[in-house]
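Asks: Use these hints to put chain B onto chain A, whose structure you have.
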Amino acid sequence: MKKHQWHSRAVAGGVTLVLGLSLAACGGGSSGSGGGSGSFHVLVYGDATNKVEKQIVATFNKTSKVKAVLDTIPGADYQQKLQTIINTKQAPDVFFNWGGGSIQPFVKAGLLLPLDDFIAKDPALKSDYLPSVFNTAVIDGKSYGIPMRGTQPVLLFSNKKVLADAGVTAPKTWDELLAAVKTLKAKGVTPIALGGGDQWPTLMWYEYVYDRVAGPGLFQKAMSGDKSAWDSADSRKALSMLKELVDAGAFGSAYDSVKFTDGGSPALLAAGKAGFELMGSWEYSTQQDASPDFAKTDLGYGSFPTVTGGKGDPNDLVGNTNNFYSVLKKTKYPDAIAQFLKLQSSDEFVKAQLAIGNLPTTNNTANFLSTSASPAYSKYQFDLVKQAPSFQLSWDQAYPPAAITPIHQAVQEFFDGKLDADGFIKAMQALPSS
Amino acid sequence: MTLTKSPADPASAALAPRRRPTRRTGAAVTRPGFAWAVPATLFFVLFAVVPLVLVAVLSFTSWDGLSSPEFAGFDNWTALVHDPVMIQSLWLSLLITVLGVAVQTPLSLLLGVWAAGRQRNRAVLSAVYFVPLLLSATAVSVLWRALLDPNFGVPSQARWLFGDGNLLGMRSGAIGVLVFVGAWQYTPFHTLIYQGAARAIPQVLYQAAQIDGAGTVRQFFHITLPQLRNTMITSMILMVVGGLTTFDTVLILTQGGPGTDTTISAYYMYQKAFKSFDFGAGSAIALVLVVVATIISLIVVRVSRYDDMRSTAEGL
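Taken in order, these protein sequences are the chains called A and B. For the first sequence, the working numbering begins at 1 and goes up steadily by one. For the second sequence, the working numbering begins at 1001 and goes up steadily by one.
Bound conformation, chain A alone:
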């Protein structure tokens, strides 16, 4: 439990702020890890996937004179700690991120190395990857990240047994979804499990409905600073559809007391108390972990329903396109790092990721799908991502960090009826876009 370190005293908060300041202020002197004798540091989010990263670093170090050193920061605090050290001597040379808004402040501060020179020398650094994924880390026309780990599209999961008992088939259209909600509710089942306490699962509903109704253009327009996009007819239509879904009792009434992160909403689905859950592709490994029998026999998955008359392509996806490695401008070993980045599309990397249930987004992934933890599921996902005309990065990752809290609050309050459509539109228009 790492949270306790954010101690509850205001003064401690102050001290933390000041420590951050002094870290940023003391440029020289301290024993930096950035340079040193022939090694560069790779900083990653600390979790189960680290074993693959360790393996790749070991492989790299076998043949390279300049050695890679892997550092990890445990999950929940990763973004905070990264931002505290990235402009100091303690900064890594290469670091894990989510592309999009998560690196935008660093790009703006001039800290990151555009990778276009690497790519010019070795086009495979770009061409090895699915374009919809690679482009997430392109900012102002320059590439700042190489995909690593796996893709995480959001899918509509279901409990096959619950649906069969209620005589409901997986909904292809929005109207079928509404009908399914009505049927399931009549059966006394919560139609859709939602971990509203985490707020980001609620956001996933907005991302898909907006995409299906208006296409990816609306969000791109809003992101680029044209705030009128939020007040368009399409935006209002999407909101009224969401409202209709909530008012139909699709999520029950206690969804804001449920979280995904503590296993609440996945348990609802696995226990047969809910029919559907909209979640990132990690739902599969989550269920496999918590309810292996359910994951094996009754966990259904499919793409988000289409909306009749909507402008969005039914193949469009939302979610986290992938994670990325970005490089700091001040690194002393750009050439060695270019070699290191090249390993992120190697056969060894792809096989190792598939073995732990991740789905890499390299072109050679297709060759190894049969070695995955669940080949059918991996193949389904891979084809989805490959065919997707648009893969919308989660709104809270696409916008800069300052927008995360306001977005989460707005989506939660609109679902709860505390904000009406005008209120939601106003909240989204007030977001800092850069």
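The hints are all genuine.
Listed below are the simulated DSS-like cross-link pairs for lysine-lysine, each with C-alpha atoms no more than 30 Å apart in a straight line:
| hint | chain 1 | residue 1 | chain 2 | residue 2 |
| --- | --- | --- | --- | --- |
| 1 | B | Lys1275 | A | Lys142 |
| 2 | A | Lys227 | B | Lys1275 |
| 3 | A | Lys330 | A | Lys67 |
It is worth saying that the hints were derived from the structure and are not from the lab.
Replies: Chain B only, in chain A's frame:
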């Protein structure tokens, strides 16, 4: 110094150790040297005053933690004054503090006085009772989060009481849970304080009261309560400070939600500084919190005349 002879003189060297201790003890009893305060003062300045001053400086800057802080004048402060969430967060902090004091004080007072008895079963029961105190606020929050899950926790078994179990998803429910969890964890601590103080009340007072024919209730209101006056003030100041800076439970149980319904000042500070990376605004909130907490503590001290340091044992 005029009396001391040259150290070469063997006679004075033998005398010296005998004389020096007396001189030192005398000085220490009448007036402790300034040097005694140096370590504490140093730590206080280093870990309290210096950070506070730096936070004050930061509150006049715009800083995202990346580049150097830029001077922003009163921008953060004017934004704060016009920020409805900030005003609301202060009221929420105050509300949670007042509710916390109102729930915990009577509970811990009664339990403390009860536990001050010396029977064996009380010792065992009190030991069990103090368990929540041993758990970290994080563990406590995670525990209650699971227990209050609307679908799999206590509410699902007691629909007649909890309805749909949407405790954390609505304003009153979420605030109630925060107050309850805080009380669950910290009442034992205050009970411990009251227990210690109640045991220190001289038994002769009760014996005299019994001779005068006073019953248990009368003894409680006329002897125990007045004797615990200073303890009560100490305990309440601790509750006020703890209440105003509640953070861990909010972070884990509600994350300031639903919406901004439980975004108390301490959590709002964290949101601004470490989620939105607006350290200037975060520092301004931190300063407001420091000022408010100081004012409230001062009011409590003044109103209760705690600073008089009047002994409760007077009249003995």
